[in-house]
Amino acid sequence: MRSAIATLLLLPALAFGQAKEGEDGKVSNDQPDRPLQMPPASTEVKEALDDFERFRRRGAWERALKALYSIPEQQATRFTDGADGFIIPVARKRRDLLAALPPEGQAAYRLFYDAEARKLFEEADGPSELANLERIYSAYFVTSVGDNAADRLGDLYFELGRFDRAADCWLAVVRGRPDTDLSPALVSLKAALALFRAGRRSEFEQLQSELSDRYRDETLTVGGQTGAPAELLRRLTGDEPMPTGAETPPSASADAGLDLARSVDAAWQMRFADSVEAGMTPAELNQWETNPLSAAVPAVAVDGTTLFANYLGYAFALDLKGGKMLWRSAPFHHLEVAAMQDQARALDPGRFAVVASGGHVWTLGRDLKDPNYLAPFRLTCRRADGGEVVWQSTDLSDYAQVDLTGPPLLAGGKIFIAGKNSANPQQQQGPPQLIVLAIQPHDGKLLWKTEVGALRQGQQFYYYGARDTSPLPRLVFRAGAVYVDTHVGVLARLDADSGALDWGYGYRTDPIQGQNRFFFFGPGPTQEPTTASSPPLPFGEAFLVKGAQSDRLQALEPNRMKVLWERPIARSARLLGADDRAVYLGGPEVGALDLKTRELLWSTRVPGGSMDGRVLVRPDGLWQLTPRGVFEIDPKSGAVRRIFRGRDLGAAGGDLLLTDDWLVAVSNRTISAYPRRGAGGDSAATNKRASNE
Amino acid sequence: MSKSTIAVIAFSLALVGVAGPARAQYFPGGGGGPRPTENIEGFTVVGKSAVAAKPNLVEIDLDVAASSELTADAIVKYRDAKRRLRDAFGALKLDNVSVEERGLLVDQKGMMNPNYFGGFQPNSRTKTEVQLTRKLVVKASNVRQMDEDGLLQLVGKLLDVAQDAGGRVGGQGNFNPYYYNPYAGFSNGLIRFVLDDFDKLQEEAYEKAIADARARAQRLAKLSGVTLGPIVAVRELAVPGDRNFNTGNQILGSDDETPRKRLESSKFQEIPVRVELLVRFETRSDSENKGRAGGQ
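Sequence lines, in order, name chains A and B. First residue of the first sequence: 1, per this note's numbering; consecutive thereafter. First residue of the second sequence: 1, per this note's numbering; consecutive thereafter.
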């Protein structure tokens with residue numbers, strides 16, 4: 001009787017204890033309401049992993065390993081849930097499971113698979129060397145030749161300059177194979193060297209300290225030099241500074257002085273909005289001003305002494321010295337005629353982008369006159385000196401049915417850009433896929449194209465000027481890897497050379513929305529202003545990640561695949577920049593978050609908020625272009641130190657860029673250059689760099 | 001038929017019987033004029049008057065709103081926003097400028113009235129963001145003596161300071177034209193001019209309204225051949241500063257924070273202090289007057 005009562009009392013607890021998937025805050029790749037699903041492993045794979053776990057617990061090693069190796073090889077690159085919200089390839093999951101086997105399991109494993117691994121290792125020569133070693137590293141790492149294969153693979157990657165991959169191979173031996181016959185000191189030294197070259201500082205320092213302590217009595221010979229491992233490492237790294245791994249221009253924060261204390265007139269100003277509005281009747285002007293595209297701020301990039309802009313698909317170049325227009329792709333007149341069409345009003349002006357480097361400029365845009373609502377954006381390469389088109393994606397078959405989204409990233413001699421495979425649902429082609437492409441800059445050749453995941457959010461219906469507000473994916477390049485924040489719940493890492501999708505990190509984001517109403521005549525009932533999506537913000541070796549529709553800010557250590565911390569934050573917040581002390585946030589207000597305590601230090605409202613636009617973040621201040629001038633904010637207290645009215649009043653705010661000589665303000669009406677009155681000779685610095693992020 | 005049924009029927013009949021006399025005693029209120037069916041003795045006239053004066057106050061409404069996933073963040077945002085606005089106006093060092101706070105509203109961001117077009121329901125699975133909202137009213141007093149140029153300078157300065165300090169000027173920040181709210185005002189004026197020291201003017205207006213009523217009644221009496229008697233009843237139709245009058249009989253909830261006794265205008269001009277009184281005078285016929293005189 002007592003047991004029956006106890007059972008009855010416990011029943012509700014048991015029922016409530018069965019939390020629904022995702023309720024514990026963990027994100028799964030298989031949650032049906034998530035807007036993006038990375039290429040999922042098949043049900044058979046999940047069953048095989050479950051079988052392995054069940055047999056492993058029983059100590060039935062043969063059956064456990066058989067279950068694991070029943071996974072077809074083509075499923076090895078599909079994705080399944082890993083630890084801490086990471087979504088990892090099946091091959092990685094398999095390697096982790098094997099590495100965690102107890103000694104008796106490993107012995108059994110070697111008994112069954114050593115011969116196969118040895119055969120692969122012996123055949124690893126010539127063209128098949130890399131592939132075979134990769135296969136052993138991925139599938140047979142725990143065998144007796146797994147460590148040797150990883151070591152050789154590390155050598156190969158190091159020679160190829162892929163230091164990040166090389167470091168991972170050697171670290172796998174150091175951390176995962178304590179039984180190795182290889183010299184742990186030598187492998188550690190090689191790993192430390194690769195970590196140094198890859199710019200992974202904290203891991204390098206940890207390994208450096210291990211070399212000094214654990215292997216101080218050993219003597220190694222590397223590169224014709226003999227000595228203690230720590231001493232050799234010091235000699236091999238020399239006095240060269242540790243690379244950061246990021247291929248971005250030096251930050252403007254490295255320069256001194258931006259003095260806007262005195263009222264200073266613009267050295268030059270380019271009034272493109274006047275060209276658009278020239279000849280309009282008052283009624284036409286009123287109609288144009290109510291068009292959301294009239295608030296569009298041109299995307300700009302600086303290369304040398306030239307500023308390149310992309311204004312709603314119209315590309316032009318300005319000489320930074322005097323503001324003279326060097327060329328333009330088409331006159332701005334009658335832009336409003338095209339912009340008044342419904343399909344043009346539905347465009348997100350944030351999708352227009354431009355990058356420039358080494359005599360070429362690449363613009364991402366769309367013809368406003370195209371009557372197709374879903375016409376894809378095209379990437380166009382032009383010569384920087386005259387604007388002639390070199391190539392454009394719409395002329396190349398590789399880009400058929402690809403809608404390029406988000407700003408392109410120029411790094412490592414390639415252009416990386418995100419896009420959507422515009423699958424046609426009427427032809428039963430399945431949901432659209434989010435992809436990342438690597439492009440050869442000067443001829444448009446497609447180097448690789450990788451699917452990051454399938455977008456579950458169906459195509460929204462846009463009628464009569466309702467704007468597409470779906471967030472744009474943002475890219476960052478670091479240490480041979482491209483990180484893409486999809487802003488639909490996944491940050492993914494891809495190998496910049498091969499395009500291989502390494503892993504994803506699933507963060508909380510808004511679930512997909514059902515299309516239960518067709519919205520006519522306007523933007524519908526939800527009119528909350530949307531914040532621009534921000535790229536992952538480098539912070540030491542970590543990244544700060546904040547999805548555009550997420551209520552979480554997280555710091556991730558991508559190399560160790562570790563979540564350092566996570567914190568709730570307003571959904572409308574965006575990342576502006578960070579220093580040693582704080583991370584600066586935009587949104588309805590500008591704010592600073594203490595990186596140690598993770599408390600909000602201050603919050604300051606500026607006119608128009610900080611929903612989008614490029615904000616200058618430097619150790620000595622934050623500067624934002626607002627409709628009421630340039631606001632200078634004290635980074636310590638958030639106090640508005642001064643307001644520099646300038647000549648951009650009446651505009652809707654916009655971007656600020658800092659070159660060595662100018663503060664360039666880009667609004668929806670003008671591009672203005674103000675002399676940068678720094679103390680000392682900061683403006684004498686060469687023009688090798690501009691804030692061209 | 002049971003006893004209880006009979007009792008219920010008897011009680012109902014009793015109620016119906018009582019309701020008749022009760023209904024007959026009902027005298028409808030409201031601002032309507034005298035009803036033609038009423039049995040009025042004497043004359044009932046409306047006395048009107050208006051005495052105008054320039055406003056003595058300028059007010060600017062500012063919204064301080066902050067929201068976040070963490071309430072602690074919302075508090076920091078709200079506190080900083082309010083402090084910066086107060087500091088900015090304090091830095092002006094103008095004796096006649098003050099900042100008043102209205103009540104603090106703690107609610108949820110994105111709270112929407114579902115009665116908008118289409119019956120679209122927002123996603124209810126998203127988490128709550130706490131929102132703190134407070135209205136600040138910037139007041140500049142003693143503006144009556146100012147000339148127009150001086151007033152413009154002052155108002156311009158206040159608006160600039162408010163906007164530079166991140167204030168949302170004009171209120172109605174969450175106004176959504178897709179919502180139907182019959183009780184919401186549609187004024188988007190940046191500033192308002194207020195007259196709130198009109199006690200003396202009000203006295204004068206009342207006197208004039210009575211005098212006006214008396215003059216009207218006198219004229220009616222003369223035309224009717226009767227003599228005007230004393231005032232026997234007065235009803236106020238329009239009282240200066242009465243919100244029910246000023247806002248067109250809007251239903252004002254308990255959250256209404258605007259001071260009651262005030263007159264507002266969106267323009268810098270003389271604001272009329274209007275009084276309307278419904279006055280009933282007793283009348284006497286000439287024979288009655290004579291009889292009374294004979295009896296004395």
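Don't take every hint at face value.
[Unchecked claim] What follows is a list of derived Cβ distance ranges for each label pair:
(1) 107(B) - 341(A): 55 to 65 Å
(2) 153(B) - 634(A): 46 to 56 Å
(3) 636(A) - 149(B): 35 to 45 Å
(4) 267(B) - 289(A): 18 to 28 Å
(5) 565(A) - 269(B): 56 to 66 Å
(6) 190(B) - 331(A): 37 to 47 Å
(7) 341(A) - 101(B): 15 to 25 Å
(8) 641(A) - 157(B): 11 to 21 Å
[Said to hold, decoys possible] Below 27 Å or equal to it, Euclidean Cα-Cα: the simulated BS3-like pairs (lysine-lysine) are:
(9) 139(B) - 208(B)
(10) 54(B) - 82(B)
(11) 93(B) - 636(A)
(12) 82(B) - 636(A)
It should be emphasised that the hints constitute simulated quantities derived from the structure, not laboratory data. Glycine is no exception: its CB is placed at the ideal position from the N, C-alpha and C atoms.
Here is how each hint holds up against the structure:
{"no.": "1", "hint": "107(B) - 341(A): 55 to 65 Å", "result": "40 Å, violated"}
{"no.": "2", "hint": "153(B) - 634(A): 46 to 56 Å", "result": "29 Å, violated"}
{"no.": "3", "hint": "636(A) - 149(B): 35 to 45 Å", "result": "41 Å, holds"}
{"no.": "4", "hint": "267(B) - 289(A): 18 to 28 Å", "result": "26 Å, holds"}
{"no.": "5", "hint": "565(A) - 269(B): 56 to 66 Å", "result": "60 Å, holds"}
{"no.": "6", "hint": "190(B) - 331(A): 37 to 47 Å", "result": "39 Å, holds"}
{"no.": "7", "hint": "341(A) - 101(B): 15 to 25 Å", "result": "48 Å, violated"}
{"no.": "8", "hint": "641(A) - 157(B): 11 to 21 Å", "result": "20 Å, holds"}
{"no.": "9", "hint": "139(B) - 208(B)", "result": "32 Å, violated"}
{"no.": "10", "hint": "54(B) - 82(B)", "result": "31 Å, violated"}
{"no.": "11", "hint": "93(B) - 636(A)", "result": "26 Å, holds"}
{"no.": "12", "hint": "82(B) - 636(A)", "result": "18 Å, holds"}
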